[in-house]
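Undergrad: Here are the chains, one letter per residue:
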Amino acid sequence: MGRSMHTSITVETTDRVSVHDITDNVSEAIPVEVGQGLCTVFVPHTTAGVTINEAESRLIDDMESKLADLVPTGQGYGHDEIDDNADAHLRSMLLGQSVTIPITTGDVNLGTWQSILLFEGDGPRTRTVEVAVIPA
Amino acid sequence: MGRSMHTSITVETTDRVSVHDITDNVSEAIPVEVGQGLCTVFVPHTTAGVTINEAESRLIDDMESKLADLVPTGQGYGHDEIDDNADAHLRSMLLGQSVTIPITTGDVNLGTWQSILLFEGDGPRTRTVEVAVIPA
Amino acid sequence: MGRSMHTSITVETTDRVSVHDITDNVSEAIPVEVGQGLCTVFVPHTTAGVTINEAESRLIDDMESKLADLVPTGQGYGHDEIDDNADAHLRSMLLGQSVTIPITTGDVNLGTWQSILLFEGDGPRTRTVEVAVIPA
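As you go down the protein sequences, you meet chains X, S and F in turn.
Numbering of the first sequence is given in my numbering, commencing with residue 1 and proceeding in unit increments.
Numbering of the second sequence is given in my numbering, commencing with residue 1 and proceeding in unit increments.
Numbering of the third sequence is given in my numbering, commencing with residue 1 and proceeding in unit increments.
Derived from the structure by calculation, the hints contain no laboratory data.
On a predicted model such as this, the values are computed, not experimentally measured, just so you know.
Beta carbons are placed, not taken as given, at the ideal position from N, Cα and C, and that holds for glycine.
A hint or two may mislead.
What the hints assert, rightly or not - Simulated coverage check for chain X against chain F, where a stretch passes if three residues somewhere in it have a Cβ under 8 Å from a Cβ of chain F:
| hint | segment |
| --- | --- |
| 1 | 82-93 |
| 2 | 101-114 |
Said to hold, decoys possible - On the chain F side, residues computed to face chain S include the following (Cβ under 7 Å):
| hint | residue |
| --- | --- |
| 3 | Val-32 |
| 4 | Pro-44 |
| 5 | His-45 |
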């Protein structure tokens, strides 16, 4: 058996823009025999992203609003002539596509208020999230 | 002994918003027997973040000002009704909560001008930073 | 032989601000014997950054424009008195300096539309990008 372990998570997003708490999905992807290590959560899409923050519904609305404020839809972006979703690409750029989290005592070692949040910028779609674990 | 090594760093922040150079703390957290590998610096808080840049005092002021410019305090955020610190959460979202740095010759392989910077968005508080090392 | 493997990539950037697709360079830096693992791409510069998105020319123009819109050049930044490149440092802060990507079947497991993009904010220069691989 190799040392690294890879799992794919599937998320059905629900709107053009939405945020999904995938913390439990990531926890379940960590093999029970892994006590310590690193966990990388990677989004293989260019119009989605991942971040870690508090999964509080009004804060999630604030996140979506702030990203829309910094990157408004349809501002004459060149890429809109091709695919009409430049806003989603640029919001993904600001958020990032991967987070790496320590694993201790068999789970991602998140802080009390932290959840792993998938940002959908151009849905609804079936999205994949890759979870790669390097065990101790 | 497992292969991964985990250390917690404690930082006492000094103001509501502040930036702290934690490069030396991270270097000290790398065990002497580790020659090569990866180092993840993870902030387990939702109103703080971590980035890598030049620890020059006027640039640090510029960073704080730019984050305040992009995410002004008290703009009617929904989360402010719960905790009155949505600005800090949203600035954390823009910065990110983890950085991963190669380890070569026994230390994080930073560029000449790079320092590891903890961003405090809702202090002063006692903050923890997790350092996870995967040795070669 | 240690488990981790480190390679430096050199990129000659072409303008003050430019974006370079380094996906092929990263793929070539993964040793053929590595089937699974993690790959960290790290930029050891404070006026450059790295992100993952679609390498479509109009979108790349949109990325440069959006970063210039969020962080305009020469807005009285304190650091400009020292080095006159605060805009590049602050754009680097928004993008980030590292991405971590799963390796499966011998290569970085990118999505269909994803490329690894080096952002140059204060060129033209000779830039180095570090690729660290932790094999399975």
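Undergrad: For every hint, state whether the structure bears it out.
TA: Each hint tested on the structure:
| no. | hint | in the structure |
| --- | --- | --- |
| 1 | 82-93 | holds (count 6) |
| 2 | 101-114 | violated (count 0) |
| 3 | Val-32 | 19 Å, violated |
| 4 | Pro-44 | 3 Å, holds |
| 5 | His-45 | 5 Å, holds |
The structure is inconsistent with the numbered hints 2, 3, although it conforms to all the rest.
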